[in-house]
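J.: With the hints as a guide, bring the two chains together.
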Amino acid sequence: MREFCRVSMRRVAALFRRRHLDEDLDAELRSHVEMAAERNMRGGMSAEDARREALCSFGGVEKTKEFYRDRRGLRMIETTLQDVRFGFRMLRRSPGFSTLVILCLTLGIGANAAVFSWVEGVLFRPYPLVSHQERLLAVTGTSLGDSSPAPLSWPDFLDLQKNCKLTDSFFVSKIMGVTLGIGDRAEVVTGSIVSANYFDALGIRPILGRGFEPGEDSGRNAHPVTVISYQLWKDRFNGDPQVIGETQRLNGVMHTIVGVAPQRFYGTFVGWAMKFWVPVSMEEIFEAGGYKLEDRGARWIEGYVRMKPGVTREQAQEEISAIAKRLEADYPATNRGRGIKLWPLWQTPFNNANTLLPTLGIMLAVVAFVLLIACANIANLLLVRSFARRHEMTVRFALGCGRGRLLRQLLTEGVILATLGAAGGFIVAYWCRHALVLLFPARGGVAMYLPGELDWRVLALSAVVCLIATLLLGLVPAIQARSINLAGALNAETAGVVGGHGKTWVRSGLVLVQVSLSFVLLVGTVLLLQSLQKIRTASPGFSTRAVLNTSVDLISAGYNAGRARNLQNELIDRVRALPGVESAAFARTTPLGYKPYSSTPIAVDGYQPPPGEQPTVDYNEVGPEYFVTMGIPIVSGREFARADDEKSALVAVVNETMAAQFWRGGDPIGKRVQVKGRWMRVIGVAKDAKYESVRELPKPFFYVPLRQNFAIQPGLNIRTSLSARVMAATLTREVHALDANLALYEVITLQEQLDRSTSPQQAAVTLVGVLGGLAVLLAAIGLYGVMSYAVSQSSRELGLRMVLGAGGSDLMRLVMLRGLALTGGGVVLGGAVALGLTRLMGYLLYKVSPHDPLAFGSAFVVMMIASFAACFLPAWRASRTDPARALRG
Amino acid sequence: MPTSKAEVLQGTLDLLLLKTLDSMGPMHGFGIALRIQQVSKDLLQLNQGTLYPALLRLEQRGWIASKWGVSENNRKAKYYSLTRAGRKQLAEEAESWDRMSAMINRVLRTT
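From first to last, the protein sequence lines stand for chains A and B. Following the numbering used here, the numbering of the first sequence begins with 1 at its first residue and continues without gaps. Following the numbering used here, the numbering of the second sequence begins with 1 at its first residue and continues without gaps.
Simulated from the structure, these hints should not be mistaken for lab results. Be aware that one or more of the hints could be misleading.
What the hints assert, rightly or not - With a straight-line Cα cutoff of 16 Å, these simulated EDC-like cross-link-like pairs (lysine to aspartate or glutamate) come out:
hint, chain 1, residue 1, chain 2, residue 2
1, B, Lys-76, A, Glu-38
2, A, Lys-534, A, Glu-696
3, B, Lys-76, A, Asp-24
4, B, Lys-67, A, Asp-24
5, A, Lys-63, A, Asp-22
6, A, Lys-671, A, Glu-656
7, A, Lys-847, A, Glu-696
8, B, Lys-76, A, Glu-28
9, B, Lys-76, A, Glu-34
10, A, Lys-534, A, Asp-755
11, A, Lys-699, A, Glu-656
12, A, Lys-687, A, Glu-656
13, B, Lys-76, A, Asp-26
14, A, Lys-595, A, Glu-287
15, A, Lys-308, A, Asp-200
16, B, Lys-67, A, Glu-23
17, B, Lys-67, A, Glu-28
18, A, Lys-308, A, Glu-319
19, A, Lys-341, A, Glu-319
20, A, Lys-595, A, Glu-746
21, A, Lys-671, A, Asp-605
22, A, Lys-687, A, Asp-667
23, B, Lys-19, B, Asp-98
24, A, Lys-308, A, Glu-318
25, A, Lys-165, A, Glu-318
26, B, Lys-76, A, Glu-23
27, A, Lys-341, A, Glu-318
Okay, chain B solo, but in the shape it has when bound (with noise of 0.2 Å):
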């Protein structure tokens, strides 16, 4: 697989998403957006727009569903909640960007 710069961060967003959902439950976009602000404590400059063709990625993996609802302020809403293949996905990533970063970790340290 190449590992052009764009591949690994849209792989990054991708984990970020999963990881959101996972411990957040069903979520609106705007809400993960909001989430993933505040978690990162605005170091992530996310282009909120990017966020939909990700989740239309993810859901036609079949990782994440997507259901109309109505928000906390009674405002129609889509929201997105993880399905059982994407917490495996997210398991499998999370493991190998842990691999990941060990790795780079080390490589860094030794030189």
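Here chain A stands alone, though its shape is the one from the complex (with noise of 0.2 Å):
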């Protein structure tokens, strides 16, 4: 064994010095042949047979060489080396093919690899830093009767804590944007209302201080402590290393920071970094609606369980269960019909897992597609090169070169071309892997947060889709090679015919192929674009242009209820009085906002729910003139009044549906409903509007007047034909008139939160329109190649033709109508495909049938276009043939 070790060692040594050693052996055998031949002279021959003889003795001195050389050092890597160095010199003889291919790899496996950085930074690894995330599980509560994620209440989850075997740790985590007071102005910031084992649970250790401390997530207001991000440690605090024991205000209350994150954690909330995070016994600084951890009833908390090593989640789920149903007979009142589910983290419902899930599923498609259609065109241009090489390849055949020894030197190519794409790849996933955010504007003044993670299982999936890659680059050629014959070497080869089968069959199936990916990709392009238009122009049930969106920031400004009461009123009557406003509104929630709505379970007159159900009913807070400013019509009835105040009866409008169900159909003017414990008269009936999305089914919702159900901070909703910007100056002026410490935030039209609520549907537009040009542009390049070749190779016949009396015309028709039919048949073969394909777009279309005529006959009309455009310059070409030319050559 150590013999072997030895002689190895010795052998690779010597590949690196193969000049040295090389010449080494000269001098040797040279003294050799040299003493050999004074031998022999002393011995009385002349100088010359002496010579001879001594060489004739000897036996082959190149032969000795090339046998001491195989056995000197390693065979196969100094061919390999050998290969490669022939492959780069080879590849840099036609840099014009070298570049289209590299080009090609590069954005395929670039695509790939980006697309595969997200998927693993948003959905399968978002959060960094925090070890064995295939451990972390989503959880929720479920209710009867209802398929959509429901949160859960603070006493279900200590219950929770307290009774799983199976995991590890139960930890909260509740996104909230928060007023962040800097001196003195406001700026809006997320940060998250977490339960005290956070930090712990997730293995996140603070830089500076602590994290929080078992017991300091209960007590109501009693533990106001903040862990801030690192980015606002930076940014606001500039580092300082004594920031422990410092004060922020936040919602208008000081909270004494206790720790600094690590710098690459942002919280556990995909598509937003947190800039601090709260114990949950501030919750009530944050959250609507009062203090809610000892209430069983109250549901507003996402969470996240660890589990045990080992432990599936449908152990933990089934254990969980168990739970559920014994806090349903432990507590029927609230929990009656309730269950609690787990969700692996890339289906996580309350973040953007959620939202960025399809747009994913479909980019990773998407980029598979680009990445055939562009290996589908480096087959065919190392096809057309392997015929140029013919020449070249059979001459080496001749030579002695062994078909292995061929082969191989093909793969090697196929493997350099292959790792410079590779290369190129990993540079434009680098660059890309943050793009994702690009596609998501701001919301709120809060940029998003989507960042890719090139980890080591992004990079081997890449490099496993780059071995497939090159394992199709290498091959086309060596089944090429494997055709050569000696004996037809030097003829020239045959000509083709235009019309012809033959070889160019292999070509025109991949160009076929190649035609009919775009073309899925292209009808995939046009659906999401009607889809977005759909969604865009759809009548959400308000209008969206005239209207105007804004808030003022009173909470750090330290406004108590009354002087905010005051200050709205004051607010509203100077809004309405200025030049070009027509009415304006306050509303606590706005409609297509982030922020959710208040929800409260309701009791109407005369309404026997199903047995088992409780039902919930969305509602928004807001102020007189609210259905005027937003343009949503009274189908009966009236809206809200100022009368409609404090002091006088409580009232509602309701919307038709909810009208339809809770009253079937009779009217609802002046029948009771029960809100929170507090009956109110139904004064109005409104239209349905859409609420949280444009995508959304009609469902019940109902209003209360603001002024009954007061909410310190609302939003303001005015209508005008003025513009954003000119009216977010005026306002400032007017809120600054009132009080010069108060922020006003972004001002937007409604139309802008109505796209602003789209961005997936855009994000996913942009990105399939973005690859499907891409694509289109790469099939109609392999077209072009495939007509140009057949049409120099089948010059001689062409020449015949025309001699014949075929006009340039008729060429010219000849040519196209091959290139087109074509096309045709990859548009068949690709319209097949994208019937069965589209309908997996599902949740990102609109109203649009996945089998839509339009955009089939759309994408049809592109790819003709396309194909024509690249069948052109061929067969202007193929008219313009000089037949003397043609056919003497």
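T.: Here you go:
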């Protein structure tokens, strides 16, 4: 064994001193032959004979050298090095070909690696620094008869934490938009309300100070402490190492900074980077609806579990379901019909993992398509080249190069191309890893945060993709090389025929595949575009163009309810009096925003809910003239007036769906509905609108007067013909006239609000559109390549046709028809594939059939135009064939 | 170990080379070739070129070492000499050769 190692080491060492050793060998052999010759001369031979005799008894100097070299180094490595060097030389000699191939691969592999990195960074391993993310699961509640996940209550959460045996920890993290006081101005940032075990459960150790201590998540407003993010620490506190113990005003309440989170920790809400964390004991400061820690009926928590090693999700779910059953039995009043469900991280329903899942799924399919198209293109290029290199191959073959060696040479060239392409691809992916966020506009002044993760898994997967591509690259010319035969070697290649089949079928087949794949992408793009158009133009049930929305930051300015009420009254009067303003109204929640609506279990006079079901309905607290301002028609009764205030009778306006569901077609006006224990009289019915998402189905919803259900910081809606920018300046002036310390949030149109809410669709359209365009371009290049090659190979036939009386236009038609026939075949194939695949886009489509004829039709037109353009040049060249030259050559 | 004909011959050549270096001291390739030819009384027709890969193999295994020097006729030549490991190897191979030839002799005589 030791001997084997020594020999191997010497052989490897020899690889690096080849030239020196070669010279050594030369000298040694030369001296041998000379000594032999000398001896022969001493024996009486002539100089010439002596030398010949010496060489004879030596027996072949070159052969000895070859034999010697084989034994000296590692033959395989040496020949591989030789192949690589030769490969590079070949690629340098045809720079156009090499560049095109490498570019195709770079795009294909780059797009794949970038999407892989997004999937990894957003769906599978969204929380950098957190170890063993595969053991993390999201946890939500469920309610009977409602498929959508619901939040959990704090007491339920504590019971889970106490009773689960299969999990290491349960922890809570609830995102919130918070007003951060910075000197005299205020800024909206995102933070999280978390359970005290949050940092420990994630395994995150603050770089300064500490995480939260057990017990800090209990006691009403008892622990005004916060851990701030690294970013906030750097930006706001200039990285001050003495920051622990300082205070920070959050939603108007001073919090003591107890820790600074490490640099790459952004919290656990996919899509947003958290700026700070507070324990749940401070919940009342940040959440609407009062103190909820002791209320089992108040569901507001989003949480995660970390399973014990080796536990599966099914086992954990089983245990948790059993606990939920027990809770149902123990607390029927609040928990009847309530379950608890675990989700893998990539399906987390309450953050952007959920929003992006379908988009990223489609992206994966799309980039795979693009890679396939790119590979088909490369294969085509290689085929053309292998024809061009036929002569070279044959000569090498004739000189005694083994078939295997020839194959290895071709594979080596493939590997070089693939390696360069992959390197380029990784650079592209590295540039694009954070590009996903560019497609999502900032909301409410807070930028989204969607990092890609280029970890070893992504690299490994991309490498596998690359390997497959390499095999493809190497195999195509290899198959071609197999058919080399020495006899036919020096014969010129027989001339092709434009209409003929013969050897071009491989290339035509590749183009067919390319065309069909790009057709599928085109159909997908058009479908997405159509749904985006439908979404954008669908009426959300309120005016979007002439209505502006903003808000005034009262909370961080330290306003209490009384002062806030006064300011709201004064401000709304001033705004209404502004020139250009038709009407204005406050509302707690802005439609299609990310701030959730209030929600309540309701009871209705004369309505008996199905057994075991507790109807829960969302509602909004709105000011007088809200419906006029928003342009939501009142179909019967009236809307809220100034008179509907604290002192008058409680009233409500319901929407049409609610009227139909709870009063069964009867007129609800004057009837009563119970909200949070208070009976309200219905005074009007409003038309249905969209509340949380444009895509939602009509659902019951109602409105109550803001004055009877006070909220400290409502949104302000203004109907005006003035632009948002002009209005922002005017409003700032008005607000400052009332109180110079107040900050105004961003002023946007409701259309802008709507557009932001459809950003996942927008992102999907942009991405698929870009890649679809790329695919069509690649396919057109492929088609062009095949057609121009066919034309150049069949100039003899074309010349013959011309001599026999065909005109230039006839030849042009011949070539065009052949190219378009190829496209047609590809479209038919692609159409069949698309019919099967577009159904998978279901979630992203809105009011568009996956088999929409318009989508298929326009994709067909685009494809045809592209192929027309691709075939035109070769066809034109065919029409210009000079018969004399073609037939002679 | 497979004992094809080539293998046996190769082993024999190794033994001859080691023995030659052992009894003659450091020598160059030509000298070794000459010596083997003389000792075998020209019965062994050695293709001198095959000597060099064999010498390389022995060197790679660490049984012999090489050094450039000057020949008796003032010519630059590479001199090979036996290493300590080579001496050990020679003893082993000589012994196994003796055993082998004794065995073959016995077999030939008894049948």
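J.: Run every hint past the structure and note whether it holds.
T.: Now the hints, each set against the structure:
1. For the hint linking Lys-76/B to Glu-38/A, the alpha-carbon distance of about 14 Å falls within 16 Å, and the restraint holds.
2. Distance restraint check for Lys-534/A and Glu-696/A: the Cα-Cα separation of roughly 14 Å lies within the 16 Å cut-off, and the hinted pair is therefore satisfied.
3. For the suggested pair Lys-76/B and Asp-24/A, the alpha carbons sit about 11 Å apart, so the restraint of at most 16 Å is met.
4. Annotation: proposed proximity of Lys-67/B to Asp-24/A holds, straight-line Cα distance about 11 Å (limit 16 Å).
5. Our distance criterion of 16 Å between C-alpha atoms is met by Lys-63/A and Asp-22/A, whose separation comes to about 14 Å.
6. Between Lys-671/A and Glu-656/A the alpha-carbon distance is near 14 Å, which keeps this suggested pair within the 16 Å criterion.
7. For the proposed pair Lys-847/A and Glu-696/A, the alpha carbon gap of about 12 Å is at most 16 Å, so the pair holds.
8. Proximity of Lys-76/B to Glu-28/A is assessed by CA-CA distance (about 8 Å); at most 16 Å being required, the pair is judged to hold.
9. A threshold of 16 Å between alpha carbons decides the hint, and for Lys-76/B with Glu-34/A the separation of about 11 Å falls inside it, so the pair holds.
10. For the suggested pair Lys-534/A and Asp-755/A, the alpha carbons sit about 12 Å apart, so the restraint of at most 16 Å is met.
11. The suggested pairing of Lys-699/A with Glu-656/A holds, with an alpha-carbon distance near 9 Å, which does not exceed 16 Å.
12. With a C-alpha separation of about 6 Å, the suggested pairing of Lys-687/A with Glu-656/A holds against the 16 Å cut-off.
13. Under the criterion of a C-alpha separation no larger than 16 Å, the hint pairing Lys-76/B with Asp-26/A is consistent with the structure, at around 12 Å.
14. Distance restraint check for Lys-595/A and Glu-287/A: the Cα-Cα separation of roughly 11 Å lies within the 16 Å cut-off, and the hinted pair is therefore satisfied.
15. The straight-line distance between the Cα atoms of Lys-308/A and Asp-200/A is roughly 15 Å, inside the 16 Å bound, and the hint therefore holds.
16. A threshold of 16 Å between alpha carbons decides the hint, and for Lys-67/B with Glu-23/A the separation of about 15 Å falls inside it, so the pair holds.
17. For the suggested pair Lys-67/B and Glu-28/A, the alpha carbons sit about 11 Å apart, so the restraint of at most 16 Å is met.
18. For the hint pairing Lys-308/A with Glu-319/A, the CA-to-CA distance comes to about 13 Å; that is within 16 Å, so the pair holds.
19. At most 16 Å may separate the alpha-carbon atoms for a hinted pair to count; Lys-341/A and Glu-319/A meet this at roughly 11 Å.
20. Between Lys-595/A and Glu-746/A the CA atoms are separated by roughly 15 Å; this keeps the pair inside 16 Å, and the hint holds.
21. Between the alpha carbons of Lys-671/A and Asp-605/A the distance comes to roughly 7 Å, so the proposed pair stays at or under 16 Å and holds.
22. Under the criterion of a C-alpha separation no larger than 16 Å, the hint pairing Lys-687/A with Asp-667/A is consistent with the structure, at around 14 Å.
23. Restraint check for Lys-19/B and Asp-98/B: the C-alpha separation of about 14 Å stays at or below 16 Å, so the hint holds.
24. Taken as a hint, the Lys-308/A and Glu-318/A pair is honoured in the structure, with Cα atoms around 14 Å apart against an allowance of 16 Å.
25. For the suggested pair Lys-165/A and Glu-318/A, the alpha carbons sit about 11 Å apart, so the restraint of at most 16 Å is met.
26. Only pairs whose Cα atoms come within 16 Å are accepted, and Lys-76/B paired with Glu-23/A is accepted, the gap being roughly 13 Å.
27. Annotation: proposed proximity of Lys-341/A to Glu-318/A holds, straight-line Cα distance about 10 Å (limit 16 Å).
When the structure is compared with the earlier hints, no violation turns up for any of them.
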